[in-house]
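S.K.: One-letter residues, chain by chain:
Number of protein chains: 2
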Amino acid sequence: MQAPSRQCRRANLPGPNAREAASMYGTAVAIFLVILVAALQGSAPPESPFPYHIPLDPEGVLELSWNVSYVRKDVHFQLLVHGLQAGVLFGMSDRGELQGADLVVLWTDGGSAYFADAWSDQKGQIHLDAQQDYQLLQAQGTPDGLSLLFKRSFATCDPQDYLIEDGTVHLVYGILEEPFRSLEAINTSGLQTGLQRVQLLKAEVRTPAMPPDTHTMEIRAPDVLIPGQETTYWCYITELPPGFSRHHIIMYEAVITEGNEALVHHMEVFQCAAEFETFPLFSGPCDSKMKPERLNYCRHVLAAWALGAKAFYYPEEAGVAFGGPGSSRYLRLEVHYHNPLKIQGRRDSSGIRLHYTATLRRFNAGIMELGLVYTPVMAIPPHETAFMLTGYCTDKCTQLALPPSGIRIFASQLHTHLTGRKVVTVLARDGQEREIVNRDNHYSPHFQEIRMLKKMVSVYPGDVLVTSCTYNTEDRKLATVGGFGILEEMCVNYIHYYPQTELELCKSAVDAGFLQKYFHLVNRFDSEGVCTCPQASVPQQFASVPWNSFNRDVLKALYDFAPISMHCNKSSAIRFQGEWDLQPLPKILSTLEEPTPQCSASQAQSPSGPTRVSIGRGRG
Amino acid sequence: MQAPSRQCRRANLPGPNAREAASMYGTAVAIFLVILVAALQGSAPPESPFPYHIPLDPEGVLELSWNVSYVRKDVHFQLLVHGLQAGVLFGMSDRGELQGADLVVLWTDGGSAYFADAWSDQKGQIHLDAQQDYQLLQAQGTPDGLSLLFKRSFATCDPQDYLIEDGTVHLVYGILEEPFRSLEAINTSGLQTGLQRVQLLKAEVRTPAMPPDTHTMEIRAPDVLIPGQETTYWCYITELPPGFSRHHIIMYEAVITEGNEALVHHMEVFQCAAEFETFPLFSGPCDSKMKPERLNYCRHVLAAWALGAKAFYYPEEAGVAFGGPGSSRYLRLEVHYHNPLKIQGRRDSSGIRLHYTATLRRFNAGIMELGLVYTPVMAIPPHETAFMLTGYCTDKCTQLALPPSGIRIFASQLHTHLTGRKVVTVLARDGQEREIVNRDNHYSPHFQEIRMLKKMVSVYPGDVLVTSCTYNTEDRKLATVGGFGILEEMCVNYIHYYPQTELELCKSAVDAGFLQKYFHLVNRFDSEGVCTCPQASVPQQFASVPWNSFNRDVLKALYDFAPISMHCNKSSAIRFQGEWDLQPLPKILSTLEEPTPQCSASQAQSPSGPTRVSIGRGRG
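Just so you know, the sequences run in chain order A and B. Following UniProt numbering, the numbering of the first sequence begins with 1 at its first residue and continues without gaps. Following UniProt numbering, the numbering of the second sequence begins with 1 at its first residue and continues without gaps.
Okay, chain A solo, but in the shape it has when bound:
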């Protein structure tokens, strides 16, 4: 147990010697902390350690650790607050807004201190939840700061509460710098606030043993001076040792330079294309004019890490082949530095440590691309809040390309450009949806990590994989067409599976002829605004559609009805043999029922109002 004075010093609050001179306010806050710690530090310890850990703010004032119980369907949080001032907000919201958020609030009115389950309305004002679903288990002073331990069920019966589900969770936080007379007096708009994206419900995958001949190789940034700007993608080319033979990568993990934990947002290692003998070496921002053109051919993902992700272990029967003949010796490391405080002069050597073995495992792991072809025929009208596009991997393609024993998907990386808001892939068999492969209802293009699936998904010849992306184009004036550009859109699920097959791409797009029928139809209803002559490009045609509810609804109806063109490809250029144009849309006769989340009525165990953590007496 720490002496109160030491905690106060750590918390940057006036120590006992300074107290007599302190203002009443300062005193009250100090008392708040001291008594809070004294009152609760004897409570029960956490039931299990916290395997997951993430800094919430760029300065590292708030650190979150958590664990998940899929049996009890709850999450235990440990929030470590360095230098507590007058309180803290923490919670979750749909996309990281501080309005309409589900929150826990620790605050003081200058005398007493309180902990409560609350929510913020659309104006940011905070209200007490009718039902208290965050349960405070412990508040304890530690040498590192105040540690708050609390738990929350995935689903509560309170309509104001966030439903904790698979995929991205937008955590939000706020710092209270002064006491508030009541919870309702707090408005998030006046506070220092922020958000952090994380996958809270991580897969509980058994860690396979590493064979004795496991070696490691670190692909790290070469002592980079992090630019003093909010966003930097750093590109660094390195090469495998000469004569490096064929190995299996069986695990990889992030190596973060100490002190840069809040700056390194995500990192990926790509292998360059084997077609080219050599690649120019390079270290610099990926958008630099100095970056050699050829580096665009270094796009085959070997490893990917994002904030909050732990070590990535391949299933013990599979590994990713690299090295040896037929594979490029060149690797590209990409590091995304997120530096909103524009800190200058920080150096970084973060990267990814590959664990590999020469004892090849039974299966090669592969990556397959599902979703939409990168083509402008798939477009999103402007001013849409939730427009969905769907790409298919048809039964005809899986019948041709998958082995009779099927493949097993063990991980997935979802991908869209800037307007993507949700992504889901569903497996269908015999016209019936059977299983969700991966779903993210709070998907963010700024948080694209490879996620282990909670349960491997087997796909057999004849199965159908349906990938749907939902986009928000509220702030766009023209249609957003499919394509490679950052202002164009994609809908992709990179599935990680074994055994590796020749099938690299199983994607679709609407038949181009039917889209021309659509443009004719638009012209019939409105004045002849869309050029349907052969020289007009599809992006030009979409740009001249006069958008209204009819043209939008009919485009949606077209995508739900018209035949598709399939890319059932061995690589991005080579198709499997067969007829792939004017294919019928897969018929899905029965869909998976949305499970009603079983909410646990925690009001039975919890208080109906704020927990009064201590009673201060105004002056010490």
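Hints may contain errors.
One copy or any two copies: either way a pair holds, since identical chains are not told apart in the list.
Stated by the list, open to error - DSBU-like, lysine-lysine: derived pairs with alpha carbons at most 35 Å apart: (1) Lys-454 - Lys-587; (2) Lys-455 - Lys-123; (3) Lys-477 - Lys-396; (4) Lys-517 - Lys-587; (5) Lys-342 - Lys-556; (6) Lys-202 - Lys-454.
Since the hints were derived computationally from the structure, they do not count as laboratory data.
Given the coordinates of chain A, assemble chain B onto it according to the supplied hints.
M.R.: Just chain B now, with coordinates in the frame of chain A:
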């Protein structure tokens, strides 16, 4: 308090004298009843009397009384069971099915008796609710049978529970004729079951005082022999006394011949058109070939009653004018006899008693027709489970036809033909939805009563009234077009309001020219199947549309987009002056938020399993 023996006799169970000879089964059931009554009859009496009353089954074995508390948001039910056998089911379901129903079950396993909140799955099997939301308050033997008193909140937190809301509620019942070893052993498919439609949440309207010069007039069937068939609409023409001067109807009520309470389903009194000097007298089935053609001009509703409805009081400042010059002396009574057991030889003189006064009230009450014009341009594709059509009363029409002080709607009668499933009218002002005029999410074309609104709705010049109907055409092979025929459809809300204005009809339909563009478009996508030549009628064109998701979605998009043709009429033939064709659809920029029903967590007060009502010991 009744002696047990007397209750048993009343309940058609063996009396004490017969007991010794009774089978073990009979004995157990008898004990079940006796002990049940003994165990619970000391419980609390109902908190208030039951203003509403309805027989549930055609034989009158089950009678339901109820009251509503809008403050506590709950309903108290009193279920009277004549001749209890081994138990009873009672509950509610979406449209009166015994599958997927929310139920209370009173049953015996031969020994003990139980009361429980339960639900039936899609196969009719009964399961215990995780949460017990029906609370048994009393079970009492009365001279008339067993009386069960229980209550239920409008909304519970249990996803298996029915949400009690405004509009029609489909009550369901079932008779248990033998003991079941457990609740799960009961399947509704093997039972005698049925349904009864009722408006549970009736308006609590203050009853205005009747003036001293109130007279009554009964419009009753002339001792009709009820036909021994399931459905009969009886038509009877009668006339007002010669020289009957102008009066105000200020109240009306049903007069049901004793014993026929379960047979008389609904009744309406219509006034004939003033254009005709005389009408032939008639008494017979409305579909009789003998019915004079001219009776089709007797369609102006004066009064309407349906099963479960109480007396209808006009607001004290308004009455319906009848009698005097310019109004027909002829009235038509229509009685719907619902006789599923095909009872023969029953005679009936039911009808409606009008209460009227010569002291005319301040305002004449009027009826206005909102919704869709009766025209085939508004059509529903086949195989739809919930296709919505919408009719508008535009700002332009209300601007022209309503007085500056507006009108007040106090009652509403919703109307569709056979495929109607939901009806709602919403008031919008300045592009914003403001208020629901009337809504029925469980609307049935077999239960069209005039309903008092819970709150009068004021409509001012410039307001918009949007009436939407949802149809189910799952069992139809061709499109269902709008029209007068019973196999065609309507979407109408007859609103009752004051002061009466010249505006009798405020309805819309899609512009006919835009519908032709739709047929052209269908031809463009499919083969040229729809004749778009001038001689083809719209019903013929709809009949030749090859229905698929695209043609359906585009029709929907057309109805949501295309300009409308307005009927803003003084009578069905005379329009207000103005341009009413090619009118823009009213723009609704913000819609009313669906209120999240506040469910009360009744598990705090209620048991988590069945209430064991008594413990039988096998033999008495």
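S.K.: Indicate, hint by hint, whether the structure satisfies it.
M.R.: These are the hints, each one checked on the structure:
| no. | hint | in the structure |
| --- | --- | --- |
| 1 | Lys-454 - Lys-587 | within (27 Å within a copy, 46 Å between copies) |
| 2 | Lys-455 - Lys-123 | between (40 Å within a copy, 31 Å between copies) |
| 3 | Lys-477 - Lys-396 | between (38 Å within a copy, 32 Å between copies) |
| 4 | Lys-517 - Lys-587 | both (22 Å within a copy, 29 Å between copies) |
| 5 | Lys-342 - Lys-556 | neither (43 Å within a copy, 52 Å between copies) |
| 6 | Lys-202 - Lys-454 | within (8 Å within a copy, 50 Å between copies) |
Against the hints set out earlier in the document, a violation occurs for number 5 only.
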